[in-house]
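Just so you know, the sequences run in chain order V and X. Heads up, the first sequence is in the working numbering, so the first residue is 1 and it goes up one at a time. Heads up, the second sequence is in the working numbering, so the first residue is 1 and it goes up one at a time.
Just so you know, the hints here were simulated from the structure itself, not pulled from any lab data. All residues carry an ideal CB built from backbone N, CA and C; glycine is no exception. Misleading hints may appear alongside valid ones.
[To be verified] Computed list of lysine to any residue pairs in SDA-like fashion (alpha-carbon distance at most 20 Å, straight line):
| id | chain 1 | residue 1 | chain 2 | residue 2 |
| --- | --- | --- | --- | --- |
| 1 | X | 94 | V | 191 |
| 2 | X | 101 | V | 180 |
| 3 | X | 74 | V | 184 |
| 4 | X | 153 | X | 71 |
[Said to hold, decoys possible] Rough simulated footprint, nothing fancy, chain V against chain X, three-plus residues with beta-carbon under 8 Å:
| id | region |
| --- | --- |
| 5 | 75 to 81 |
| 6 | 97 to 107 |
| 7 | 143 to 151 |
| 8 | 324 to 330 |
[Unchecked claim] Listed below are several chain V residues computed to face chain X (Cβ distance under 10 Å; list not exhaustive):
| id | residue |
| --- | --- |
| 9 | 116 |
| 10 | 134 |
| 11 | 173 |
| 12 | 176 |
| 13 | 189 |
These are the residues of each chain, in order.
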Amino acid sequence: MARALVEKRIDWTGIFFAVALTIVIVFPLLVVGTWAFTNVWRYPSVIPQEFGLKFWQQTLARADVWSAITMSLSLATVVTLLSAIICLPAAYAFARMDFPGRNILFFSFLAGHAFPKFGLLVAIAGIFLSLNLIGTFWGVVLIQLVGTLLFMIWIPVAAFQSVDRRMEEAARDVGAGPFRVFWSITLPQAGPTIAAAVLLSFVGTFYETEGAWLIGAPQIRTLPVLMISFINNQPVIQYGAVLSVLLWVPSFIALLFARRVISSGSFAKGFGG
Amino acid sequence: MSVLDIKNVTKSFSTTKAVDDFTLSVGDGELVCLLGPSGSGKSTLLRMIGGFETPTSGHVAIDGEDVTRVPPEKRPTGMVFQSHALWTHMNVFKNLAFGLKLRRLPEAEIKRKVEAVLELVGLGGFGHRATNQLSGGQQQRVALARSLVLEPKILLLDEPFASLDQHLRERLREEVRDIQQRLKITTLFVTHGQDEALALADRIVVMRDGRTEQADRPDVVYREPATPFVAGFIGTMNLVDGTVANGTFTHSGFAVPLPAGDGAATLAVRPEALEIVSATGAGMAKIHRVTDYGTHAIVDIELPDGTRLKSMTSEARDWSHGQPIDLRPKAFAAYRDNAAIHRSN
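Based on the sequences and whatever the hints tell you, model everything.
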């Protein structure tokens with residue numbers, strides 16, 4: 001009886017927030033999405049006069065778009081792989097070992113995110129200039145690598161810390177050496193949370209713009225950098241809109257993948273631990 | 001010949017000594033319970049035998065071979081943890097097969113061994129189950145099976161049933177005893193429950209502050225506790241501090257003939273050995289409360305200074321609150337300077 005009453009009560013606050021969020025998040029996406037599939041849309045019409053894939057054909061026919069897609073994908077892949085190779089062992093060390101300066105080092109990863117990023121980037125660009133890294137692939141890789149460190153250290157540290165030490169000891173007990181224990185027990189246990197960190201760093205790198213632009217331009221053009229130049233330099237809105245929709249693809253795939261990989265709670269565990 | 005030899009082992013953590021100059025030999029097929037309150041060093045000692053801690057000094061030898069600095073994966077020991085520590089990303093079969101695979105046994109033999117050990121712990125056909133599909137008792141059985149399947153020389157159990165309820169604990173305790181006797185496997189069992197130790201052990205080692213208080217057969221530890229600490233830790237015991245003068249122990253009107261030299265002493269009397277008789281003289285002690293348990297009754301007695309004693313009686317008598325009585329210990333022990341000075345049985 002009491003339960004039925006509770007179920008019937010309408011949660012107005014909840015509905016208000018849901019509607020507000022929908023307007024703020026979905027509406028701009030809808031506008032951009034509509035523009036991408038519009039051939040003609042003139043003032044004062046509320047809906048486009050003519051839908052079509054004209055600008056998709058035009059955009060995808062451009063060589064600079066394809067080279068930007070390839071560039072973005074290879075950058076994100078290389079950066080994520082390097083980041084994993086560097087950060088996962090470091091995260092394990094942070095989680096399981098005690099060494100002098102551990103806490104200071106651990107919080108130093110926050111420093112890069114605690115100050116206005118652009119200032120930091122300009123300073124780094126100055127250093128890269130003298131190292132001849134400006135306008136090179138590896139220059140951009142380096143700058144984007146810095147951006148992934150926080151995610152790729154902090155989340156896996158929490159993941160490793162939440163693995164029961166007794167599980168690792170039980171594996172030692174049945175005859176597994178330290179490396180085998182890490183490979184067969186620790187890593188699978190921390191796996192879902194680490195996958196989340198890897199995914200975040202891939203998507204984050206894919207969308208990273210300031211660093212790629214400041215260090216990479218003009219030789220290295222990633223998809224977001226190209227999109228900005230389209231929006232700034234082209235009188236036609238649709239080019240930018242089509243690229244925006246294209247840019248959604250990786251995060252959409254990432255989300256789908258994330259739903260499969262990340263079992264409930266492990267993502268929160270990574271942040272909360 | 002002994003399977004396990006612990007010689008003068010000390011383990012220090014920064015300033016405290018968890019285990020202090022400990023020596024013990026365990027014979028083949030023997031089940032030894034390490035019993036003590038938390039912080040007595042029993043778990044640290046077990047972890048040193050398993051190889052998870054390195055002694056600060058002293059030696060551990062298995063089958064006469066020094067293993068003091070040998071890592072756990074190279075020791076012929078099998079450990080069962082309190083938290084069962086099953087690998088949740090593997091099913092039951094894979095949990096049991098992991099150690100066998102490391103030993104590069106052929107698939108068919110792994111399968112045969114795993115199935116046999118699952119039968120042994122009463123979980124035949126559970127191989128495909130995920131570990132989180134099992135109850136607490138089943139998980140602990142799998143943890144036991146995971147150690148047994150590798151046929152260790154020494155089985156180490158670190159309070160394996162502490163997280164289970166009383167009923168299940170008693171059942172698993174019996175199963176462990178059965179399995180241990182069938183396989184004749186040398187076993188060390190850490191517990192802080194004296195009933196567990198009394199029910200399981202061939203020998204009980206009572207530990208306190210990293211040292212041995214007493215190591216003996218359960219019935220001896222129960223009947224002839226070597227120190228007041230053991231007396232108070234095993235079973236229920238009335239411990240009364242008093243003085244001996246002219247062959248009589250006294251404490252607040254409670255007097256017992258005690259053939260010992262004058263001085264301070266601690267008297268230890270089991271509730272079942274403390275007889276209540278109707279007051280003949282002054283009747284200094286008084287009945288405080290009677291709790292009837294059906295098969296027996298526990299009578300709480302108060303001495304004039306407020307000291308409480310317990311007496312167990314099977315006779316249903318109509319004791320009433322405040323009634324003056326006399327006490328007559330049928331059997332007791334007396335201690336001075338942490339050692340027994342007298343026993344009357």
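Do the hints match the structure? See the list:
| no. | hint | verdict |
| --- | --- | --- |
| 1 | X:94 with V:191 | 18 Å, holds |
| 2 | X:101 with V:180 | 12 Å, holds |
| 3 | X:74 with V:184 | 18 Å, holds |
| 4 | X:153 with X:71 | 16 Å, holds |
| 5 | 75 to 81 | holds (count 4) |
| 6 | 97 to 107 | holds (count 4) |
| 7 | 143 to 151 | holds (count 4) |
| 8 | 324 to 330 | violated (count 0) |
| 9 | 116 | 42 Å, violated |
| 10 | 134 | 46 Å, violated |
| 11 | 173 | 5 Å, holds |
| 12 | 176 | 6 Å, holds |
| 13 | 189 | 6 Å, holds |
Checked against the numbered hints listed earlier, the structure breaks hints 8, 9, 10; every other hint is satisfied.
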